[in-house]
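Asker: Chain by chain, the residues run as shown.
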Amino acid sequence: MSQKETDILSVLQAKFKDTSVQVQPQQLGKVAVIADATTYRDVLKALLEADEKTAVIAITGIDLGATLGVFYHIRTSTAGIITIKVEVPQEEPRLKTISDLMPGAAFDEMEVTDLVGVVFEGHPSPGRLVLPDNWPDGVFPLRKDAKLDNLQFKPTPPSEPASPGNEDIVKIIIGPQHPALLEPEKFALKVEGEIVKDVQPRIGYVHRGIEKAAESRTYLQDVYLVERICGICNACHATCFVEAVEKILETEVPPRAKYIRTILLELNRLHSHLLTLGHAGLEIGFETLFQYFWRDREPIMDITEIISGNRVISSGMTVGGVRRDINEADIPKIKGMLTSLRKRLPFYKKVYEDEPSIKMRMKNVGTLKREDALKLCIVGPTARGSAVDIDVRKDEPYEAYGEIPFKLITYNEGDTWARMNVRMDEVEESINIIEYALDNLPTGPFRVRVPRVVPAGETVNRVEAPRGELFYYLKSNGTAYPERVKVRTPTFANIPAFLATAIGSNIADVPPNFVSLDPCFSCTDR
Amino acid sequence: MSKLAMWARLKSPWVLHFNSGACNGCDIEVVALLTPRFDVERFGIKLEPSPRHADVLLVTGSVTQQCAERLKRIYDQMPEPKFVVAIGACACSGGVFKGNYNVLNGVDKVIPVNAYIPGCPPKPEAIIDGVVKLLNSLKPEKPAKKEKKK
Chain W
41 MSQKETDILS
51 VLQAKFKDTS
61 VQVQPQQLGK
71 VAVIADATTY
81 RDVLKALLEA
91 DEKTAVIAIT
101 GIDLGATLGV
111 FYHIRTSTAG
121 IITIKVEVPQ
131 EEPRLKTISD
141 LMPGAAFDEM
151 EVTDLVGVVF
161 EGHPSPGRLV
171 LPDNWPDGVF
181 PLRKDAKLDN
191 LQFKPTPPSE
201 PASPGNEDIV
211 KIIIGPQHPA
221 LLEPEKFALK
231 VEGEIVKDVQ
241 PRIGYVHRGI
251 EKAAESRTYL
261 QDVYLVERIC
271 GICNACHATC
281 FVEAVEKILE
291 TEVPPRAKYI
301 RTILLELNRL
311 HSHLLTLGHA
321 GLEIGFETLF
331 QYFWRDREPI
341 MDITEIISGN
351 RVISSGMTVG
361 GVRRDINEAD
371 IPKIKGMLTS
381 LRKRLPFYKK
391 VYEDEPSIKM
401 RMKNVGTLKR
411 EDALKLCIVG
421 PTARGSAVDI
431 DVRKDEPYEA
441 YGEIPFKLIT
451 YNEGDTWARM
461 NVRMDEVEES
471 INIIEYALDN
481 LPTGPFRVRV
491 PRVVPAGETV
501 NRVEAPRGEL
511 FYYLKSNGTA
521 YPERVKVRTP
531 TFANIPAFLA
541 TAIGSNIADV
551 PPNFVSLDPC
561 FSCTDR
Chain R
112 MSKLAMWARL
122 KSPWVLHFNS
132 GACNGCDIEV
142 VALLTPRFDV
152 ERFGIKLEPS
162 PRHADVLLVT
172 GSVTQQCAER
182 LKRIYDQMPE
192 PKFVVAIGAC
202 ACSGGVFKGN
212 YNVLNGVDKV
222 IPVNAYIPGC
232 PPKPEAIIDG
242 VVKLLNSLKP
252 EKPAKKEKKK
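Protein sequence lines correspond, in order, to chains W and R.
Just so we're aligned: 78 in our numbering is position 38 of the first sequence, and the numbers increase by one with no gaps anywhere.
Just so we're aligned: 132 in our numbering is position 21 of the second sequence, and the numbers increase by one with no gaps anywhere.
Treat the hints with care, as some may be off.
As the list claims (entries may be wrong) - No more than 27 Å apart at the CA atoms, straight line, and that leaves these computed lysine-lysine pairs for DSS-like:
| id | chain 1 | residue 1 | chain 2 | residue 2 |
| --- | --- | --- | --- | --- |
| 1 | W | Lys194 | W | Lys184 |
| 2 | W | Lys226 | R | Lys209 |
| 3 | R | Lys183 | W | Lys194 |
| 4 | W | Lys390 | W | Lys409 |
| 5 | W | Lys226 | R | Lys183 |
| 6 | R | Lys234 | R | Lys244 |
| 7 | W | Lys194 | R | Lys209 |
| 8 | W | Lys226 | R | Lys220 |
| 9 | W | Lys415 | W | Lys226 |
Derived by calculation from the structure, the hints in this document are not laboratory data.
Hey, can you work out the whole structure from these sequences and the hints?
Answerer: As structure tokens, then:
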């Protein structure tokens, strides 16, 4: 245990020495803190004082039988993940909100209310988040006794009038089907003249109930299910899940498998970043750039196909290793493709840095200050564009990232331009990582046999997906099926960034700003 | 006149893409169709943002409760004759999400479907093949060639 971890631990132990709060090291991340409804806010306050980078990663709601568990997963820059466990009675599931201490937690609380039915008192905007508008009252899908067959749906509530009364304010509704969005979501913007006054998001159009479905499938089936949470960052979801299972099984993955996983993860990042960089061009009316980026993205899809057999959903991961080995004969071909992509990068870099139309549409648009990014718990390239140096690959290296040299990229501007340039630079770093991994690929087996039965236990795990920190909480109960799988995706954490930057901006700046956060609603809703 | 309309329909179908709760896997493949490697514009196919101008509706995803009504509305807004193509295993039958509490298990539970393209996700070549097959099925049967007079 490092010096800093001991610090946080001793701070907690000293502060809550004579109270009912129990501090358990090396549980659920680095530390698990067992608190109750009266003390959990004090624990959070103590953590906030101890470290400026303290952020709420996720709030897991879980049915524990007699009580409902609410687990606050907190990230600190020095000590990794800290989990605060609180239990509330089934009959009266009420807790005070923490969104006053940590505004970024507001959406997490709404999700827990929707799926588990814990009411957070004092929440700024209670209401439906992921479930449909016509969902019956009093049915909470993630409770164990929920009856989900033959649901009696309510009649759909009538849509709100387009004009909110005040003549000067116009309501513009974007979505659910809209040319600028590839996915169905609704954003109601209130504009006065050209200025956006308010944004009301309605997500949940892509909510498929994956967390519930994962409880009725075996661990191996779940690997393929969680991959399909998001078609873009599928390898990250699969890796995060299998790593969590391996943590409970206490299995060590062979080195070759670690390197192949790293290659697949970086290919994921490459194609996702190229996709977004191109899409941003489309949003500002620079369609040539979009076509260029997507043309150069195709070789990446080909490499994924060479390695895994599939263009998009690679299905490369399995518990205990990877499913297919890399054929040594393919390596020169893969490297050739990467080299030709690398040759194109200076051109793209020049376009993103110097092209006047890009500068005009992206510089000083949607600026997110560093303090706000920390307060709203923003992750990934969006946070790194605002000078917050967080990256799970550096903070808590997994797979082969501890052995591979690469740079952590941050920009200080915090605007759309900075966020896109973070991605531009990360493309180059990803190519470096893949080339290094291919050159130093260890020999040996690419998977190990694992025990068939997963023992009872619980764990948390996180990986750095293309859009930021992806978090999984997994609880097993000794049977063939997991007890609870909680997924917190980076895009879910980044919605507050859009709300914060869009309000007060020009309406024409909304699309480039929105794309620079790299939204992915299939991740957000699950 | 109807011959001219049919000719135009076959040579330049305008398509509308709607994601009804997909994982984005199929959607990025649909967008990839427009880009230089696959370039469906060579068939006259154009991605059209408005349902009122579209001939073909490409639907991906397993249709969530919240999307179902919207999907129906988009279908009703399209002018006749209209065709629906279900892309991916989810749109065909619910796929990996079949039986989940918030999905309706396939596009054909909500609107009639003309062509199914299975796969998770289907490769762009498969989508092109499916759309071309749909277009070919619309062609009026050609009368058998007359034998040349001697």
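Asker: Any hints this thing doesn't respect? Which numbers, in order?
Answerer: none
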